[in-house]
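Here the protein sequences come in this chain order: A, B and C. End of the first sequence sits at 610 in the working numbering; the numbers just go up one at a time, nothing left out. End of the second sequence sits at 1146 in the working numbering; the numbers just go up one at a time, nothing left out. End of the third sequence sits at 2037 in the working numbering; the numbers just go up one at a time, nothing left out.
Take the hints with a grain of salt, since some may be wrong.
In silico EDC-like links for lysine to aspartate or glutamate, alpha-carbon gap of 20 angstroms or less [claimed, not checked]:
{"hint": "1", "chain 1": "A", "residue 1": "K581", "chain 2": "B", "residue 2": "E1040"}
{"hint": "2", "chain 1": "C", "residue 1": "K2009", "chain 2": "B", "residue 2": "E1005"}
{"hint": "3", "chain 1": "C", "residue 1": "K2007", "chain 2": "A", "residue 2": "E544"}
{"hint": "4", "chain 1": "C", "residue 1": "K2007", "chain 2": "A", "residue 2": "E539"}
Honestly, the hints are just simulated from the structure, not real lab data.
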Amino acid sequence: MELTRSYRNLIRTELIVPMVLLVIGVYGGLMQVLFRAGVLDYDPLLKLLLDTVGAVLLVVDRLFGRETDPLVAALSSVDLRSSIMYYWSLTLHGVLNAIVFTTFFAVAFGNAVVPYFLKQPLNTRIGWLSAIVMLVGTGLAGIAMFSGQASVLYTFYPPLKAHPLFYLGAALLIVGSWIGAANWIPMYRRWRRENPGQRIPLAVMGMFVTFIVWFIATLSVAVEVLLLLLPWSLGWTEAVDVPLARALFWFFGHPLVYFWLLPAYVMYYTMLPKVAGGKLFSDAAGRLVFVMFILFSIPVGAHHQFADPGIGTQWKWLHTVLTYAVALPSLITAFTIAASLEYAGRQNGGRGLFGWMFRLPYFSRERWLFSYWIAGLLIFIFGGISGIVNASYNLNMAVHNTSWIPGHFHLTVAGPVLLAFLGMSLYLVAQLSGKEVLWRGAAVAVPYLWLVGVLIFSWGMMRGGLHGMPRRTYLGAGALNPDLQGTPLYRADWAPYAEIAMVGGIIMFAAMLLYFVVFFGTLFARRVREAHLEFPVAEAYHDEPVRALNRLAPWVATAVVLIVLSYTPVLYDVLRSSFQKAPAYLPEYNVPEKQLQETIRQGQSSQPTE
Amino acid sequence: MVRSERVIFGLSGAVMALFLVGLLVLATGFGVDVPGCVTEMKPFEQDTLFQTGDRRWELHVVARMWAYQMPAVELPAGSELDIYLTSGDVLHGFHIDRTNVNLMAVPGTVTYARVRFSEPGEYPIICHEYCGIGHQQMVGVIRIVQ
Amino acid sequence: MAAEEFKPKGAIAFFVALLLLYAVMWLSVYVEVLRRG
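All chains, full assembly: derive it from the sequences and hints.
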């Protein structure tokens, strides 16, 4: 396949820019575990950065004999010990890591996989349009977040209000991703015409399912952002229906996790067996799994709202049953991948019931991608069960909004998903740049170091959560503030868990540092060959076609019916139990923003004139 | 589907079904349920605590930035409490330590939970939904005495 | 030698162990919720 310069640069941009942002998000994660444990109460690197920028601006102003830049005063007035800094950092961590990095990767990976397997060239003009829209959106949201005007966390629940650029930026990021996926449709149609009756390549089916689920899911959050939140943040509407906003968000919020998982599943089904030295146990299993995700990814969102008012218990129960249905394709995946690895292990001489487990390329430098996938799968063992617990209706009462929740999702999005995305980003960037992956020993070590760190982190967070330790809370200034020991607010029983999480978080940070060294080292190394693009493609052991799994449209139609059935009663309940809308609040003040503005205005008008 | 896949599918389905039965038993047999849809009470601005029966009380709480507006609650062991909760401003959480009371306080709507305190002791209430700069200081307490 | 069909006995054993682990972990949360009720 011919690789034009534009095509290569498109994918590289979509992989490298988010990787740079991930550095910031990952650093934020380190700060969070240190702040939570009450070990740090300000960010020393941020202080260094602000002081340096301030000093540089001062020098420049002096050199040019100018008045001191007001930005200098603004920078030095930032109170690094203010509690809001924790939530500022947490917002960046969630948005950059879980929304920006993941969305860009999914589009970039699709841009590589779809042309490769369909043997059709990508329309790079539309591709670049998509990338630019996503980049602009990220930039706008970034301005709002970095300037401290969007410390609302990645779920941005109203009536805490962010700057309009945050909502606009988020909407653009999503729309850009739609354009990126729509770009693949003409390629698919051409392929269909040229290959009538052939099964769609499994990897392409996986990416298409990823974006079908994404498109349906993001319709809801687009409505929330564009119709409810953006006009409200611009002051065009007075107040917002909070329960409605939440329901719309969580319609999106659960399929979001499959948007994250599915590209990793594409790698597990179509590439991992080859790299492991074997075959995919069953092609039909992969197709069945993808079809089940079309059906069950979306009509389940109320399991994120078990503790919410305004939604009847019978609908919460319905969503529980449907969520248990969506657990099935992941369980099937666990078996299918295990069977594929068993095949590979036995090819390699493994004997007995479990001998094959020891005949896999865990530490191979040539097959370094394997380490990213296997470490992710091992982490996912614990991610899966913690997710099933979350989805278990009344069991949720023990874990909702406790630190169990981030304990769970660092075993999923920061487990199999992150590692698959990191491994593939390195793989693609190296190939498309004609570079050799540097320091493969370090590259192979990263996923295992990460595995140790994240298991320790999540252990601390989940055990702490079962003791009532909350998530999304700057404990170091509250219940774990060393200065508050002996007061009723202090919770000595949580301290060990926050400390365990801190140790885990430090190890995770070390793993990421090592990864960034390998990634950027590879990126800036000398070119040693022509740019190319190829994937390790697995053959299937059981390869019989299943007709019902060949066409997506009937399954999508069924999914829409399921969504209507599962969500109509939820939305009906939400609307009839919501009695008044809420005005905007800023996180720093406990009065509505409107009242704040009134107070400022009155204060100004009562100033004596100079 | 080959035989091993059928076995796996069947096993998975059976385990999940068993779990679901367990959850139903927990809800209907042991009375542990999730909050439902309250429409008979509208959002209120007054907090209150009053007795409604022998060892039964009703509590109304308004969650605000950054403290719960609620009366001091000190009740004898064995008391049942009907809690109605709303928010006076933004989202808040309301998690009573060592119980299954885990609620979201949402402005514009009311939520409800019933809890029985059989053991004496102090039951801290934690706000676990981000509600602004003072979120980490937002706590309450329910005291149960002999 | 005729090619024998590959039967993933090891994967089935792994999967059964996985389900058992899941049941134990799920039950421990169930018991905790019962305790708090």
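Legend entry - Pair hint K2007 (chain C) and E544 (chain A), alpha-carbon separation not exceeding 20 angstroms: The hint holds at about 17 angstroms.
Legend entry - Straight-line alpha-carbon gap K2007 (chain C) to E539 (chain A), limit 20 angstroms: Answer holds: K2007 (chain C) to E539 (chain A) is near 17 angstroms, not above 20 angstroms.
Inset, instruction - Take the C-alpha atoms of K581 (chain A) and E1040 (chain B), compute the straight-line distance between them, and say whether it is at most 20 angstroms. - result: Cα-Cα ~18 angstroms, so holds.
Legend entry - Straight-line alpha-carbon gap K2009 (chain C) to E1005 (chain B), limit 20 angstroms: holds (11 angstroms)
Hint compliance for this structure: every hint is met.
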